[in-house]
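Number of protein chains: 2
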Amino acid sequence: MLSNTTETIFIGKKPLMTYVTSAIIQLSTIPVVTIKARGQSIGPAVDVVQIVLQRTKPAYSVGDVKIGSESLVSSDGKNRNVSTIEIPIKRNAK
Amino acid sequence: MLSNTTETIFIGKKPLMTYVTSAIIQLSTIPVVTIKARGQSIGPAVDVVQIVLQRTKPAYSVGDVKIGSESLVSSDGKNRNVSTIEIPIKRNAK
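Order-wise, the sequence lines are chains A and B.
According to the numbering used here, the first sequence is numbered sequentially starting from 7.
According to the numbering used here, the second sequence is numbered sequentially starting from 7.
Next up, chain A with everything else stripped away, as it sits in the complex:
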């Protein structure tokens, strides 16, 4: 029986390894972990995924990467669009 549980990790300003460790721990119990980020955290999100893959090689791979944008109201009251990314990391079939 396959579990469809999926978990999301939002990338922010913490050190990269915080997210890497958290992703690897979650992947040990559930089949898919999705890394999400927006704006300036998009680069670091890709870094996190690459480090996870490298450290756990060849157990996991990247699923269908989605990019998009969200409309935010900034502190000066203007609407600003910010880009987003979602990167699923999934266990490889054995």
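Don't take each hint at face value.
A pair holds if it fits inside one copy or across any two, identical chains being indistinguishable in the list.
Simulated pairs of lysine to aspartate or glutamate, DMTMM-like, Cα-Cα distance not exceeding 20 Å [unchecked claim]: (1) LYS63 <-> GLU76; (2) LYS42 <-> ASP70; (3) LYS96 <-> ASP82; (4) LYS96 <-> ASP70; (5) LYS20 <-> GLU76; (6) LYS20 <-> GLU92; (7) LYS42 <-> GLU92; (8) LYS19 <-> GLU92.
Keep in mind that the hints were calculated from the coordinates and are not lab data.
Assemble the complex: chain A is given as a structure, and chain B must be docked to it using the hints.
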């Protein structure tokens, strides 16, 4: 007869709109333009794609996004891994 021509735009330090304009111009003549970036340019690459889609709505959409990493030798002689992204923008079927 479908043309398989594809063109690549590397995102660097220029103003975003330089890349946006260049992508829109290329998309007027060829069916797929791939936006590539690495390291700190990954975030801006996603921004470029989102702006292109927004301005040309609903003519184009995002294809299969690929992420990866490359090994570079930095100026101090050490090996460093840098993350990469490739985002194809393709014309929607009519």
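Hints, verified against the model:
For the identical chains of this complex, LYS63 and GLU76 are inter-copy neighbours only, at 16 Å across copies versus 33 Å inside a copy, given an alpha-carbon limit of 20 Å. When the C-alpha separation of LYS42 and ASP70 is checked against a cutoff of 20 Å, the pair qualifies both within a copy, at 13 Å, and between copies, at 17 Å. Proximity of LYS96 and ASP82 under a CA criterion of 20 Å is satisfied in neither setting, with 40 Å inside one chain copy and 35 Å between copies. In this assembly of identical chains, the alpha carbons of LYS96 and ASP70 lie at most 20 Å apart whether taken from the same copy (10 Å) or from different copies (17 Å).
With identical chains, the CA atoms of LYS20 and GLU76 are never at most 20 Å apart, being 22 Å at best within one copy and 23 Å at best between copies. Taking CA atoms no more than 20 Å apart as the test, LYS20 paired with GLU92 passes inside one copy only; the shortest distance there is 18 Å, against 26 Å between copies. With identical chains, the CA atoms of LYS42 and GLU92 are at most 20 Å apart both within one copy (5 Å) and between copies (17 Å). Taking the shortest Cα distances, LYS19 and GLU92 sit within 20 Å of each other inside one copy (17 Å), while across copies they are farther apart (24 Å).
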